[in-house]
Amino acid sequence: MRILALDTAMEACSAALLIDGRILTRYSEPGRGHAELILPMVHELLAAGGAGLQSLDCIAVGRGPGAFTGIRIAMAVAQGLAYGAQLPVIAISDLAALAQRAADKHGVPAVLACTDARMNEVYWGGFNCPSGGLVECFIEECVSPPAAVGVDWSGPWVAAGSGWAAYPHMAIAPVVDAALLPRAEEIARLAVRDLAAGRALPPEQIQPVYLRDKVAHVTKSRT
Amino acid sequence: MRVLALESSCDESAVAVLDEKAGLLAHRLFSQIALHEAYGGVVPELASRDHLRRLLPLVEETLKAADSTSADIGGIAYTAGPGLIGALLTGAALGRSLAYAWEVPAVGVHHLEGHLLAPMLEQSAPELPFLALLVSGGHTMLIDVQALGRYQVLGESLDDAAGEAFDKTAKLLGLPYPGGAHLAALAENGRPGIKLPRPMLDRPGLDFSFSGLKTAAQLALGASGPDAQHRADLAFAFQEAIVDTLVVKTSRALEQTGLERLVVAGGVGANRNLRERMRQMAQARGAEVFYPRIEFCTDNAAMIAVAGMWRLQAGQQEDLAIRARARWPLDGLEGAANQGKIPIKYE
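Chains as they are written, first to last, in the numbering used here: chain R, 7 to 229; chain B, 4 to 350.
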């Protein structure tokens with residue numbers, strides 16, 4: 007199986023090439039300028055893996071939530087590559103990718119992924135992680151004030167993501183890993199499952215999941 | 004060479020396919036006017052979101068209409084600025100990545116260069132050099148187009164663009180968004196009589212200023228209430244003031260440069276009154292005036308294809324970095340080796 011994954015949703019810019027059981031990665035945390043970095047990363051990975059775009063099974067992409075412009079860059083690049091090489095696309099939640107990274111790193115069965123949404127809100131969702139496996143969402147992703155974030159978990163779990171740095175008083179977690187960011191490596195791994203489940207889509211059908219959809223107010227008088 | 008072009012600098016998603024021999028093969032456009040209407044202006048985030056929804060389906064549709072496949076496309080052009088940065092990046096990321104997948108060169112195009120070269124899409128294209136009046140909702144500029152890629156801005160608006168003044172005054176008159184064309188229609192029923200200033204005509208130089216005119220219109224409206232005929236008269240007076248100003252400054256620029264060809268481009272260039280008055284002025288001076296067809300006065304991808312084709316033919320191409328610029332001075336552009344040659348050779 008061959009999957010090229012990319013992500014520019016948050017501070018990190020990353021790409022990963024899953025190729026016949028191996029995984030090659032490029033990762034950087036530039037904060038800004040993701041658009042200038044992402045295609046060179048893709049090019050390097052394809053060269054290193056000796057794979058042409060056409061030989062891939064699909065493109066996987068982080069579909070948000072995250073920075074609006076960042077999500078769109080990855081989505082538009084995924085659309086362009088996939089349409090150009092006639093590949094399907096799998097869109098993966100950036101909260102799921104973050105949860106996967108946290109679950110692998112800390113070896114826990116549950117992750118509350120929560121990232122800073124600015125404007126006194128956070129994006130968050132709860133994920134199960136059977137030992138060594140892939141995460142599954144069980145508290146649906148949403149955007150809300152930090153006060154609404156809470157779980158009643160008895161076992162070990164990890165609080166992962168920038169939301170915990172922005173609002174450290176939220177829930178009391180056994181382990182907090184606020185510096186962790188979603189990245190393409192986990193997006194590629196999660197895409198394997200979706201590809202097998204037949205969830206790949208034609209590129210024109212994938213769209214970001216922003217979670218925050220009210221971005222403007224209707225005004226009556228502006229001159 | 005056949006070029007696929009994408010435009011997404013503001014609130015129109017557009018795609019075109021241009022062939023160097025056959026000319027424009029197809030173009031498609033999706034206008035977001037309805038999306039932004041309720042807000043009274045373009046909401047950048049909503050514009051960016053919609054571009055991502057529309058562009059790829061438009062690419063597919065336009066290729067089909069142009070009876071072209073990926074194998075026929077020799078390069079991709081996309082608007083790289085100036086404009087709304089999020090909107091630009093969407094088109095640039097899609098265009099650059101598609102070119103990578105197709106293994107063809109890509110080039111980022113200056114949106115205003117596209118407007119300047121839009122008349123090149125017509126069989127009766129102007130020869131270089133020419134004077135261009137670029138007049139739209141975002142810009143009012145007089146430009147000495149010395150050669151392809153070599154542009155000198157002779158004058159521009161110090162505040163509101165002419166199209167912006169049209170839209171804002173239309174709003175004062177209670178006309179629907181975006182109001183410029185509605186104001187022009189209302190002016191058809193107007194009578195002469197109301198006196199509005201002719202901004203900056205008494206001053207030397209080729210700069211414009213339109214915000215004071217809008218204020219004068221507001222005062223004139225306030226004096227006698229919302230009577231329908233009065234509003235039509237005011238629309239008439241407003242349009243006359245703008246057109247007078249544009250015609251006089253353009254005439255002055257022709258005089259100053261000695262140029263004999265004039266291109267009027269941009270959305271306000273579709274205004275019938277402006278076209279007629281420019282024609283008269285040019286005729287009196289013995290100059291020729293050229294317009295893009297009406298649909299290519301406003302934002303479109305066909306004009307991006309013209310500028311892109313020329314730059315690609317000159318060997319210009321982007322590296323793998325996806326770049327877009329919200330601000331990008333027109334006279335900072337670089338020319339290219341084949342200056343003076345018009346990219347499309349009709350057969």
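Worth flagging that the hints you see were computed from the coordinates, not collected in a lab.
Hints are supplied without guarantee of correctness; some may be wrong.
Stated by the list, open to error - So the derived label-pair ranges between C-beta atoms look like this: (1) R:Thr31 <-> B:Pro60: 24 to 34 Å; (2) B:Lys24 <-> R:Ile145: 52 to 62 Å; (3) R:Gln211 <-> B:Ala74: 39 to 49 Å; (4) B:Glu48 <-> R:Ala53: 33 to 43 Å.
Cβ atoms here follow ideal geometry from the backbone N, Cα and C, with glycine treated the same way.
Each hint tested on the structure:
1. A hinted range of 24 to 34 Å for the beta carbons of R:Thr31 and B:Pro60 is consistent with their spacing of about 32 Å.
2. The beta-carbon spacing between B:Lys24 and R:Ile145, approximately 60 Å, falls within the hinted interval of 52 to 62 Å.
3. Range check, R:Gln211 to B:Ala74: Cβ separation about 24 Å, and the 39 to 49 Å hint is violated.
4. Judged by the Cβ atoms, the range 33 to 43 Å given for B:Glu48 and R:Ala53 holds: they are separated by roughly 36 Å.
Hint 3 from the earlier list is the only one contradicted by this structure; the remaining hints agree with it.
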